[in-house]
Structures are given as C-alpha cells and as structure tokens.
Amino acid sequence: MQFQPVNHLEGLCYTLAIDHIDTDQVIPARFLHRSRSEGFRGLLFHDFSGLLADKQGLDLSWVSDINQTPKMLLAGENFGCGSSREHAVWALIDNGFKVIIAKSFGDIFYGNAVNNGLLLIRLTDLWSSFSESLVTNKTVQVKLDHQTLLTKDGKIHPFEIDEFFKNMLLKGAQEIDITLSLKDKICAFEIKQTQQFPWLQHPTARIQPLEK
Amino acid sequence: MTAQTLYDKLWASHVVDSRSDGSDLLYVDRHYVHDACSQGFDFLDQSGLSMHRADLTFGMEDHYIATRSGISRPEKIISLGGVLAANAARHRFSSFGQGSAFQGIAHVVCPELGLTLPGALVVCGDSHTATHGALGSLAFGVGASEIAHVLATQTIWQRKSKSMRLCVEGTLGIGVSAKDLILFLIGQIGARGGTGSVIEYAGSAIAALSMEARMTVSNMSIEAGAKSGIMGPDSTTSAYLASRLFTPAGQQWDQAQQAWAALVSDVDAVFDHDQLFDVSSLEPTVTWGTSPQTGIPITGCVPDLTNSDESNRQQMMAMMNYMGLEPKKPIREVSIDQVFIGSCTNSRIEDLRLAASVAKKGRAKVPTLVVPGSTSVQKQAQQEGLDQIFKEAGFEWATPGCSMCVAMNGDLVAPGKRCVSTSNRNFMGRQGQGSRTHLASPLTAAASALTGRLTDVREVL
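Protein chains in written order, with our numbering: chain A, 1 to 212; chain B, 213 to 673.
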C-alpha cells in the first residue's frame, strides 16, 4: 500500500489529555469486520467520545469533522496501547487526522501508523509547554524534515524521531517493494535455515496429512 | 564475542538483511492468521502479489467463531470464517475452522500442535501473539499491512527493541497462580513499563511454572506494553513439546534439543532494564480499573485518592466512575453479574482443572461461561469429567474460541454489567459496550461465581 509522503503540514491540534487511550477506545471491536475500502468515517472514538461527553461534558464534535483536515491530536501516555488492530490507525486517518502527538505510544500501533503515513510524535519533557501553547490557538505547523512543531505563539517545539520511521514517512511507501527485490537473500536464508533448523523450515505432521 | 541475551540470539538468527538506518529484515518461521485478518489478504490481492510460503502459514478461526448455541451473530460476522477458509483454499495453506479437529484459539492451538517451537520467529495479527514467547520463540503481534508483507515475503522489517529482564523469585502460595503473578508484574512496571522493550522472564518462580502457566505470563506481556515476552526453553518446554503433532521427530528431535539448549541469555549478558521481584507473599490479584495495571490483592481496596495529584486523581476517578466503584472500597465487597473463564490467557487444561477444583465446592450464583481454548482442551476436560463438574455447578460449558474476551462473536457482557474474567483486557467496552471487567485468575473467577462477588479463593479451598 502506498500513501502520500508526509513532511510539512499545518492544521488544528486537539487535546485529549488522557493516558492509556487503548485501541478499543479508538475503534471498538464490533467495527473491525469492515474492509479498508468501506472505511471508518464517523467511527473514531465511537463509544469513548460518548463517555467523555456524558461524564466529563467534553465537546468532541471535532473527532469526526472531516472538513477541518488535516487534524492533529495531543494525548497522554501510551496512546494506542492494546490490540494490534490497524483499524485504529485507519479510523484516525479516515476522520482527518494526520499527526498524533503523545507522551508515548503502544509499540504495535506505532508500526501500524508508519505503514499508513500517520505521523506519530513523542513529546516527553516538552509535552506540557506544547500543550500550553495550544490553549490560545490550536494551529500547529509540523516540519518532519526539521523535526519541529511550530505553534502560533511563535514557539518551536523540537521532537526526536527514529530515522527508519522518518525516512519511511518522507518517502511515502511501505517496504514491500524493497523487500521483494531482496528475494535472493530471502531464499538464501531459507537454504541456511533448512540446513541448521530443518524443523523450522519444514513443519511436518507426524501422522496422516492434515485436513484442509 | 560479547555476551548475548536470549532476545539478541533470537533476533540474530533471523536477520535476512540489514539497512544503514538500523532496521533489520527478519525471517518469519510461523505466520498464524485468523478470521479477523481479512484486510491483510485484501492488501495482498490489491498489490497483485501471491504468498511466498503458504506452508509456514496456518489459519485459525477464533475471533468471530460461535462458542455457544442460541447467540445471534450478524450475517457479516458469520461470513468471516468463510472468508478465512476461502483465502486458505485459494492460497493453499492449512486452516482450521468451526468443527475442525483443531478448532480453537490460535495462541492455544498452535503451541499444542507443536507448530510454535523454541528458536522460531512467530507473528500473527493479534497482540497476544506474545503468548508463544513462553516456548522460547520470538513472537509478536502485527497489523494488517505487516500481515500482507509477511504473506508476500515471509519477512518483516523491524527495529530492535530494548531488552528488559524481569527476574521473579519465590514460591507461589496456595490459591495464587501465574495469572496473579503477571497481574502483579504489570501493576509493578505499569501498562507502559515494557513499551519499547522485549521482556525476558526469568527466575525460580518462572522456572517452576508449567508450560500452560508460562503461556499465561507471556500472553499478558503486551498489557505491560511489551510486544514480546520470552522465556528460555528448558526441560519443561521439551516435555511439553515431545509428542506434539508438528514437533520434529527422531534425529531432528535430538538436533533440536541441542539447538534449544543454547537459547538462554549468557550469564554476563547485560539488559537495558533488569528488575528483581519476590512473589512468595503474593496474594490472589484482581484488577479494579480499566487498565491492566490496576491489579490489587483480593484482600485490598480500590485506591484512596486523598494524596493523588490532580491529573492522576482525575484519571483514576474516570476509571472508578466507569467501573461504578468509589475510593477505598474493599474489593471483596463488590458484587458481580457474571463470570467468564476462557481466552488465550486462561483457557488451557490446567486453567480448567483449577476452575473445576473450586466449582465442585458449590453452585454458581451468577451466570458463568466456561470456554475451552481448543478442541483438544475441550476433549481432555470432558475425559476428566471437568465439564460435568462445571455443569453441576451451574456453569455453562461452551465450544472453543475467543468468545467473551473480545466480544466479537455475539458473546457480550451487557452495558453496566460487571464480569469477573480470566481474559487479558479490562479496557472500557472490551467485553461489550459499557461492560465492566475485573481481570482475575481461573481460581478467583470460579470462587467469585460461587459467591456472586469478588472472592478470595482461599476462603473456598
């Protein structure tokens, strides 16, 4: 799957200052049967936003407002923890989100995001000052190549990002084409593996062939 | 040569290619696909690619499969098992669905079949793939794009994680099991304590666990944020694997024993994080909140927020509101509506034996569902008469699948209802919209079923 390269973006950054927003909150399991082409518009934070609105009186109409794209989200610790469902990333993208900023992210969610061109930015020490910068104006300018977030108060908030992920996002492509070009190396590995650990390369049932 | 951790060894033995940006292309020995992975196959088709190694791919219908009769499932859901079967037929890989001799949860069945082996690299589109790390394999969950990549190339690009060792010493007390141990560890390091790391579990308390119990521990590594939770294979591992369907036989078995003996962290290996725990005085542990890190002793109380800082207090209050609990409430005073015993965490034969040992002491006061993890567990339990014990205690005995853990097959906890569950996640809405989940061991779950409230199993034993 290809996606648009990510580099410079400007948009509004909304805040959910909550830790451990898991992928069940991002997209409940009952929507996972949908195909990628059916999409996930209007399903982002489906039950979660209702809970936040009911219990905490928050207005979350921005969640599924796709006229505002590109949107960004600021969250707390461990955003996207839990399940490996890539649907969580798709739900964010389909509802106009291009950048998620958080104190930390779930590992599997992080990999899924990169594979879809969703930029994830970790802010640790600078999280609070960035959050404060959003209070008067939510507009943020992201420059991935410079690794900076610019807020309307004139502050530049630098961030760190892994070179591997940065390059993938700047190029806008998944790795599959590169990998397919390495077929000789994969086949050579399989020959070596067959010699060393044949049981890994050729799982063989001890009794009659398996039913299909 | 510098000393290596088990993780270093597993990683190094799977590197196909390396790039200057620090990423490695790793070979995947086993790829398990399930009925909620259909998008990965869609991507493969859309790219016009075919599968590289169908013979290393195994399908398991588990997420959507019906586990009891009389539960209505939408047409779309019913069709998804068929989608997996159709993909299996088209791409020619083995797949096990409803009514198969191997029907069950991927993370229960694949170790049982000897498909998961020490030294293997295992991926599956499910975060609880970490389970397989208990057998000394490097196993982690992947998303749909990665599934498509693995289907097409049998490899995956990865950045190496940090290494974390959790050394667990001591002897577990009566009524305390692997589930309590892992809930305790998650509480100690936190739900993101393992993020960016691969955990290696070590120490006498881990060595003393059965293979089934070890899988319970590795399974929940992801609830501490770690993609993988590995354990060095030992005699327990070999004994478990010795007679499995796909375990190497004859000379290859002997070769494998030698290879597996090398799968240990070197004595002087250095970990990025290394922590020691003693579980001798550990009590049965249950969660009170909507994060797996909220484990407390069954004799304990919902936290007192008097001295919490404002941000922490708000988040804790939000959890308490959702769960219908207030600060300082003794957890044993909390009444429950139902019990679920099952899931890739706790649906193996040993789990059911533990649950049955309690079930035979009374009768369920609340609806209790027992779902074996695999057909072989189901049959074994029936041979041992465990199903009869459950039925006599008023527990419902179902057929294998993920069932009420992920609530995708129509087995739901109703809004506002409180369930004691042996599964792995207590997230808001995990067991159905508005559901309230308390994670617990099979012993605690069965004891709670008999009393209708969260119960210290030691009162019953």
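By construction, these hints were calculated from the structure, which means they are not laboratory data. One or more hints might be untrue.
[As the list claims (entries may be wrong)] For lysine-lysine, the following DSS-like pairs were computed, each having C-alpha atoms within a straight-line distance of at most 25 angstroms:
# : chain 1 : residue 1 : chain 2 : residue 2
1 : A       : Lys138    : A       : Lys103
2 : A       : Lys171    : B       : Lys629
3 : A       : Lys166    : B       : Lys372
4 : B       : Lys629    : A       : Lys183
5 : A       : Lys103    : B       : Lys372
6 : B       : Lys372    : A       : Lys55
7 : B       : Lys573    : A       : Lys183
Status of each hint after checking the structure:
{"no.": "1", "hint": "A:Lys138 / A:Lys103", "verdict": "18 angstroms, holds"}
{"no.": "2", "hint": "A:Lys171 / B:Lys629", "verdict": "48 angstroms, violated"}
{"no.": "3", "hint": "A:Lys166 / B:Lys372", "verdict": "16 angstroms, holds"}
{"no.": "4", "hint": "B:Lys629 / A:Lys183", "verdict": "53 angstroms, violated"}
{"no.": "5", "hint": "A:Lys103 / B:Lys372", "verdict": "21 angstroms, holds"}
{"no.": "6", "hint": "B:Lys372 / A:Lys55", "verdict": "41 angstroms, violated"}
{"no.": "7", "hint": "B:Lys573 / A:Lys183", "verdict": "60 angstroms, violated"}
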